[in-house]
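Engineer: The residues making up each chain are set out below.
Protein chains: 2
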Amino acid sequence: VYLERYAVRRLPFARLGERDVAFFERLLPGRALTAQEEVKPFNVDWLKSVRGCSQLVLKPQTTAEVSQVLRYCYEKNLAVNPQGGNTGLVGGSVPVFDEIILSTALMNQVISFDKVSGILVCQAGCVLERLNEYVEEQGFIMPLDLGAKGSCHIGGNVATNAGGLRLLRYGSLRGTVLGLEVVLADGSVLDCLTSLRKDNTGYDLKQLFIGSEGTLGVITAVSILCPQKPKAVNVAFLGCQSFAKVLETFTTCRAMLGEILSAYEFMDEKCMELVERHLKLSSPVADSPFYVLIETSGSNSSHDEEKLNNFLEQAMASGLVTDGTVATDDKKIKRLWSLRERITEALTHEGYVYKYDISLPVGKLYDLVDDMRARLGQSAKNVVGYGHLGDGNLHLNITAESYSHSLLDAIEPFVYEWTARCSGSISAEHGLGFKKKQFIQYSKPRGAVVLMQQFKAMLDPKGILNPYKTLPSAPEWGLC
Amino acid sequence: VYLERYAVRRLPFARLGERDVAFFERLLPGRALTAQEEVKPFNVDWLKSVRGCSQLVLKPQTTAEVSQVLRYCYEKNLAVNPQGGNTGLVGGSVPVFDEIILSTALMNQVISFDKVSGILVCQAGCVLERLNEYVEEQGFIMPLDLGAKGSCHIGGNVATNAGGLRLLRYGSLRGTVLGLEVVLADGSVLDCLTSLRKDNTGYDLKQLFIGSEGTLGVITAVSILCPQKPKAVNVAFLGCQSFAKVLETFTTCRAMLGEILSAYEFMDEKCMELVERHLKLSSPVADSPFYVLIETSGSNSSHDEEKLNNFLEQAMASGLVTDGTVATDDKKIKRLWSLRERITEALTHEGYVYKYDISLPVGKLYDLVDDMRARLGQSAKNVVGYGHLGDGNLHLNITAESYSHSLLDAIEPFVYEWTARCSGSISAEHGLGFKKKQFIQYSKPRGAVVLMQQFKAMLDPKGILNPYKTLPSAPEWGLC
Numbered sequence: 001v002y003l004e005r006y007a008v009r010r011l012p013f014a015r016l017g018e019r020d021v022a023f024f025e026r027l028l029p030g031r032a033l034t035a036q037e038e039v040k041p042f043n044v045d046w047l048k049s050v051r052g053c054s055q056l057v058l059k060p061q062t063t064a065e066v067s068q069v070l071r072y073c074y075e076k077n078l079a080v081n082p083q084g085g086n087t088g089l090v091g092g093s094v095p096v097f098d099e100i101i102l103s104t105a106l107m108n109q110v111i112s113f114d115k116v117s118g119i120l121v122c123q124a125g126c127v128l129e130r131l132n133e134y135v136e137e138q139g140f141i142m143p144l145d146l147g148a149k150g151s152c153h154i155g156g157n158v159a160t161n162a163g164g165l166r167l168l169r170y171g172s173l174r175g176t177v178l179g180l181e182v183v184l185a186d187g188s189v190l191d192c193l194t195s196l197r198k199d200n201t202g203y204d205l206k207q208l209f210i211g212s213e214g215t216l217g218v219i220t221a222v223s224i225l226c227p228q229k230p231k232a233v234n235v236a237f238l239g240c241q242s243f244a245k246v247l248e249t250f251t252t253c254r255a256m257l258g259e260i261l262s263a264y265e266f267m268d269e270k271c272m273e274l275v276e277r278h279l280k281l282s283s284p285v286a287d288s289p290f291y292v293l294i295e296t297s298g299s300n301s302s303h304d305e306e307k308l309n310n311f312l313e314q315a316m317a318s319g320l321v322t323d324g325t326v327a328t329d330d331k332k333i334k335r336l337w338s339l340r341e342r343i344t345e346a347l348t349h350e351g352y353v354y355k356y357d358i359s360l361p362v363g364k365l366y367d368l369v370d371d372m373r374a375r376l377g378q379s380a381k382n383v384v385g386y387g388h389l390g391d392g393n394l395h396l397n398i399t400a401e402s403y404s405h406s407l408l409d410a411i412e413p414f415v416y417e418w419t420a421r422c423s424g425s426i427s428a429e430h431g432l433g434f435k436k437k438q439f440i441q442y443s444k445p446r447g448a449v450v451l452m453q454q455f456k457a458m459l460d461p462k463g464i465l466n467p468y469k470t471l472p473s474a475p476e477w478g479l480c
Numbered sequence: 001v002y003l004e005r006y007a008v009r010r011l012p013f014a015r016l017g018e019r020d021v022a023f024f025e026r027l028l029p030g031r032a033l034t035a036q037e038e039v040k041p042f043n044v045d046w047l048k049s050v051r052g053c054s055q056l057v058l059k060p061q062t063t064a065e066v067s068q069v070l071r072y073c074y075e076k077n078l079a080v081n082p083q084g085g086n087t088g089l090v091g092g093s094v095p096v097f098d099e100i101i102l103s104t105a106l107m108n109q110v111i112s113f114d115k116v117s118g119i120l121v122c123q124a125g126c127v128l129e130r131l132n133e134y135v136e137e138q139g140f141i142m143p144l145d146l147g148a149k150g151s152c153h154i155g156g157n158v159a160t161n162a163g164g165l166r167l168l169r170y171g172s173l174r175g176t177v178l179g180l181e182v183v184l185a186d187g188s189v190l191d192c193l194t195s196l197r198k199d200n201t202g203y204d205l206k207q208l209f210i211g212s213e214g215t216l217g218v219i220t221a222v223s224i225l226c227p228q229k230p231k232a233v234n235v236a237f238l239g240c241q242s243f244a245k246v247l248e249t250f251t252t253c254r255a256m257l258g259e260i261l262s263a264y265e266f267m268d269e270k271c272m273e274l275v276e277r278h279l280k281l282s283s284p285v286a287d288s289p290f291y292v293l294i295e296t297s298g299s300n301s302s303h304d305e306e307k308l309n310n311f312l313e314q315a316m317a318s319g320l321v322t323d324g325t326v327a328t329d330d331k332k333i334k335r336l337w338s339l340r341e342r343i344t345e346a347l348t349h350e351g352y353v354y355k356y357d358i359s360l361p362v363g364k365l366y367d368l369v370d371d372m373r374a375r376l377g378q379s380a381k382n383v384v385g386y387g388h389l390g391d392g393n394l395h396l397n398i399t400a401e402s403y404s405h406s407l408l409d410a411i412e413p414f415v416y417e418w419t420a421r422c423s424g425s426i427s428a429e430h431g432l433g434f435k436k437k438q439f440i441q442y443s444k445p446r447g448a449v450v451l452m453q454q455f456k457a458m459l460d461p462k463g464i465l466n467p468y469k470t471l472p473s474a475p476e477w478g479l480c
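Line by line, the protein sequences are chains A and B. Note that UniProt numbering gives residue 153 to position 153 of the first sequence, counting from 1, and the numbers run on in steps of one. Note that UniProt numbering gives residue 41 to position 41 of the second sequence, counting from 1, and the numbers run on in steps of one.
Okay, chain A solo, but in the shape it has when bound (with noise of 0.2 Å):
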């Protein structure tokens, strides 16, 4: 449907042949699938609503393997869509026609683990949540952890900046990724592969490549800082009387846990009532209109659970919050946390489920769900808020029987104007990828579009590398 709507057509790279088939069954024995029962679960992604029809997926171990592969592709014209654990929300890491796909999957060992320094260097198909165990055994934990931890990979996670549920606390990727190895569209192998928290050698090239969604180069191997483990780990699970509360808890919660503050996620009745009747998790709290999740990491449990408990005092004393529970052990943390978690995965039992992923000054987080509520009407069959407030991140998601033009219609371009007018961003952590890419427009202005359409052009001369995906399509734009 989108390919329609947006009216893609496929540029014109070489279509796949014997011959080329033949060359990367020699390549990688046993790693070049072509039976479409292999290759299918690799064309659609998780959410189901893209479908490539890649005829030929590639496994490589090894860098020089894909140095390889991106060697042969470039020379002969042939496009290649890299793959990670195929967890992506915005069709990103799907074929859109049939490229190539390049997983990997089979690139899943890690290089060194540094004790002191808390520094992972490891292959880009590891899981993230397999390094977090890995480096949880030495008394560090990963910087970042998202609910699809089980089966994204650490370099899908760089090239699509993700985000998730530690930013709060760790920061982005742009500061925890201290090296990068890259292959590039022609097979060149460019090695930032560092592990140093500091080097102002020239320009930071690998930043380019976290965020650009395969479309400037493949990333092997991450190097990544770890911090230490938390010695005391505390959820509060709380609910609120109004959108108001929750934002006034937030600054109090700040302000009286500080430095121990690892999360603050929100989560409206609406997402609780599907979390409870899809997935049979049971609430912790009396029904609100809006709950809160509250963590704490720190070194030190008794200090950590006087702040909280001055914090929750507080709190309940003045009426920000009407009910709430505290967990200290790690099985009711779980619980707690797969509350707001499997959101996302309670809302595909719905039908069809249009996803946004708005950044907006926290203030404004949930007018834009009111609106599209009132907007929407009957016509949804859910219009749901939840997210990572504490970075003014909002997860829009609207829900129907199934796929409509007409519903689609009346969501955008609306809710994009609506967040431009806040000057957010329609992206905040998911990417642009296949679904999002016309929309740049909203938040980026034209001269730096144009800008990344240089980079590209230089980069990636041949366009062979995820295309169709984060850039507009030249027509409109000029470039290219």
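Be careful, since some hints might not be right.
A pair holds if it fits inside one copy or across any two, identical chains being indistinguishable in the list.
The list that follows gives simulated cross-link-like pairs (lysine-lysine, DSBU-like), each with its CA atoms no further than 35 Å apart [as the list claims (entries may be wrong)]:
{"hint": "1", "residue 1": "K229", "residue 2": "K334"}
{"hint": "2", "residue 1": "K364", "residue 2": "K59"}
{"hint": "3", "residue 1": "K334", "residue 2": "K40"}
{"hint": "4", "residue 1": "K231", "residue 2": "K331"}
{"hint": "5", "residue 1": "K231", "residue 2": "K332"}
Think of the hints as simulated: they come from the structure by calculation, not from any bench.
Position chain B against the provided structure of chain A, taking the given hints into account.
Structural biologist: Showing chain B alone in chain A's frame:
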């Protein structure tokens, strides 16, 4: 001396003519300086180690004026040296030949400050210390702090990706800078001045300008995330009997102080001797081979003091530390910090200073100082080491009565080869500027440097912006 040593030749830019001067005097009435006395201080760096011979200093007040200046220079092929507070240590902030100096001194307005989010938007010429005072009044602090704070401009800080004293806690500018406005070489204005914590719409262009030392564009405005002002700050100043104990003290305090640790600095006994001699400061602890400064910042003074006291007890009991003092009041905290912050200043009293700013694996940090001291023997007056140990960042300084080729030959490339063998960085935070640019290959592979040169050629095709800086000159490298 550097011109000679590195055989630097003036590139064929146009020479400044009377008509050019007349144009600038019309554009910036009273703010185009040509009198030799007025221009002179802008031609010499803070260390008095490099000197240009510019005949014109321009002081725009607005982005539009910067744009007009650059458009004119681009058309006429006139080279430009952007200059902030002129506190750089690698000769990046002054002209090499007759480049026009574009000073941000009059671009010193705060544009906005949001008390809820702590996001500051200001012009590039704001002095760091003034900004810190401004946000402190509203309960926040700047995310960076450095010895030069009284003169350095925030635009220069961003252009050089300054590190400094708070990086350990608040991370690098790559995470805290949320947006930039940049004027490109041809005078066009790139507006990436957003104030969002998360924005994944296309490539993050601003990152390329952070740390590019004015060679890719002139930063005219900055949007930056300020952390909350900590309610409690403590500083401990300690004496250690060996560098091994300095390291062990670090791992112990990182584990015990956790999230409240905001600085871990070290200096050797020679540094202490120099600040005592030249600045009449006195050491607060018994003479020791090494000194450590530890700062904590937190939201609860009794919790923080308890953590710090527990750590100090353990450090004293186990013999890691042999003497120490703690400060909780502002005045004493400032006094302790000045011992560390004013080492640079004390060194300048010793004659000529050869400065090196190295990133190394923390365990090897002081080996370089020992090796250098052994190598130079009597030919150097002092060989001292200090720096941001928590970030793996050593400041190695060598002094002599005056500059000599032979001493420099004994130091370089030895120091760079030593660093490269440990996969370190030859410039952790100072940048490459004019003095270090020929050594980039010790920290970056050739492919990366070639790519940097392509970026430079794309963004500044005539090479008018801060020429002779950051990237090695063309002949050896083939490109441009």
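Engineer: Determine for every hint whether it applies to the structure shown.
Structural biologist: Verification of the supplied hints:
no.: 1; hint: K229 x K334; result: both (16 Å within a copy, 32 Å between copies)
no.: 2; hint: K364 x K59; result: neither (45 Å within a copy, 39 Å between copies)
no.: 3; hint: K334 x K40; result: within (33 Å within a copy, 65 Å between copies)
no.: 4; hint: K231 x K331; result: both (16 Å within a copy, 33 Å between copies)
no.: 5; hint: K231 x K332; result: both (17 Å within a copy, 32 Å between copies)
Going through the hint list in order, the structure does not satisfy hint 2, though it satisfies all others.
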